[in-house]
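Can you make the complete structure from the sequences, with help from the hints?
Quick mapping for you: the protein sequence lines, in order, are chains Z and F.
With our numbering as the guide, the letters of the first sequence map in order to residues 4 to 310.
With our numbering as the guide, the letters of the second sequence map in order to residues 199 to 567.
Possibly wrong hints are sitting among the right ones.
[Unchecked claim] Pairs of lysine-lysine, DSS-like flavour, derived with a Cα cap of 30 Å:
| no. | chain 1 | residue 1 | chain 2 | residue 2 |
| --- | --- | --- | --- | --- |
| 1 | Z | K17 | F | K563 |
| 2 | Z | K129 | F | K563 |
| 3 | Z | K72 | Z | K182 |
| 4 | F | K412 | Z | K129 |
| 5 | Z | K135 | F | K264 |
Everything labelled a hint here was simulated from the structure, so no lab data went into it.
Computed from a predicted model, the values in this text were never measured in an experiment.
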Amino acid sequence: MPAVEVYSIHKSFKKVQALRDVSFFVKQGELYGFIGPDGAGKTTLFRILNTLLVPNKGNAVVLGLDVVKDYKQIRPKLGYMPGRFSLYHDLSVQENLEFFASVFGASISENYELVAPIYSQLEPFKNRYAGKLSGGMKQKLALSCALIHKPELLLLDEPTTGVDAVSRKEFWEMLGKLKQKGITIIVSTPYMDEAKLCDRVALIQDGSIMQIDTPANVVKSYDRKILGIKSSQTYRLLKVLKQYEWMHSVHPFGEYIHFTEKREQPDVQALQSFLVNQGIGDVIIKEIEPNIEDSFMALMKEEAAHE
Amino acid sequence: MSSFRGFIVKEFKQIYRDTRTLVVLFGMPIIMLVLFGFAIRNEVDNVKIAVLDLSKDEVTREIIGKISASPSFELNGYLNTYDEVRDVFKAGEIKEIVVFGPGFGKKLTRNGTADVQIITDATNPNLANLVQAYTSNILRDYISEKANQLQISRLGIAPEVRMIYNPALKSVNLFVPGIIAVILMLVSALMTSISITREKEMGNMEILLVSPLKPIHIILGKVLPYLVLSIVNVLVILILARFIFDVPFKGSYLFFLLEAGLFIMTALSLGVLISSSANNQQTAMMISLAGLLLPTVLLSGFIFPVGSMPVALQFISHVVPAKWFLIIVRDIMLKGSDIFLLWKETLILMATTMVLIAASLKKFKVRLQ
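Here it is, written out as structure tokens:
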């Protein structure tokens, strides 16, 4: 039995259509990621899965239970971390954890083992008010709180937004450990680099899913050759590249600009001389492996072209 | 059940740690009592007045003597002509001028009537009204006395006025019940609605809804701490009123506490109802202040008597729960009334509360939409 099955869900609010025809399923014990920009519909989808919203059309089955009819049975089995979850700032670290444990009818001692790898890092500050924690520590505490009742399914809505890079890395390491314990995890993120840490990802944009696959396959399905181009005059380079006749896409990506050509086989020589002619002499061009962001950008562009 | 207990413990901790709010909650009734008890008063003391005596006979001298002997007035001078009246009022210190017409005493003894004019400075209408009424009383007293002396029955009608239940007309007696109503609205309705909407605003309501806590548990958990706070507040006001302001308490304390409990329930359910339609603390506060506190202060009869309001407003005042509560509390405290006299008001309050509780339970959503 899959942990989550979703069949062509539609959800619209007064003026916005938040989700259109969304279907997917999540296997038991899978770490499943939703990747998409802000406003793509990730939060709405999570709120349907956790029974807080009712879809307009379609149905969803979570842990074998219908999200509309059996919401009461589903709720205690979920660990949910909302995007803007901010804990109780005027309660201490320990009190927050105790509160969420007691509300879900559990106690810290009985499930301590599960949260120990995360919570042990917070224990030195257990008497500090949650409002005085750093962003990364808040997220760890929030994760501990979502886990303390030993849920079967963990729903994490953008858990790492606004958290520093080191804490993000640690956070994902913890998700990996939880996955080993057999907990199914569905996580959403706007950060492409986190996608490759999931078992499977769904790329979501404007309320519909564009692609579902393993991170490796998502990248593989990207059929164009990508050139990484670097110059000291990044801005000028960007402008000049956009005027190139064979240009297909241009995205700045760290120190390199990711560039694709309309032709199957890009002509590096021709591009180089074009750039030199345009007055950019110090270019470095190399072929690079595509990443998820490249696929995502390409998919977004295709979608836009279809419309 | 243990999840509910955990929730209550958390609520009390949060309230207890929010020292600023606590200071306001407990400081407010004290400040209000002091304000209404000492500063905002309807009685008048030592109002400066002047006299324009165009008659200067024995009768006017006697009346003037009586007026200046009253603790309410301080005779500050005599005018010589009518033209001075305007200038005296402009100077601002004198609030009232009593004018006796020429031949006042002679006319009074002969005809039974005489001309006296009371001119007041109505820049402060309340004060002007009071001063005028006080003076008229003194005049009336004197005339009826005089009528007895002279064995004349033609001296007009002299009504005998007696104020019962609050013979000294102490305004604090009137205000204490109003203050209790306002404070209960503030603590119960305003604080509850803010506390619930805060959970929504912080995003924690999502977790609470997803948790095994039943909606009724969430509501009760939010309401219970403020119930306790409200009761403590009522007791504080009562003790202050009783021992510092000597406000009488003729009725049964138990009956009073039961009625106060009922009104607290009304206010709490209003708070829950507000929080289910407001999505952030600011909206909840605005609705509570404009929709609850203002009617409680202005339309309940706390400050302005309901009877002297325009008919439309009188009609609205019927749905202001504080109006009924005020009637109940004033009657218990000042008249010693019991349930047999106050059953109608109690029933109205009870019905309102039932409707509000039902509505707030129905409106409280188990989902986000």
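Consistency of the hints with the structure:
1. Z:K17 - F:K563: Measuring from Cα to Cα gives roughly 18 Å; hence the hint holds.
2. Z:K129 - F:K563: violated (34 Å)
3. Z:K72 - Z:K182: Measuring from Cα to Cα gives roughly 28 Å; hence the hint holds.
4. F:K412 - Z:K129: holds (29 Å)
5. Z:K135 - F:K264: violated (71 Å)
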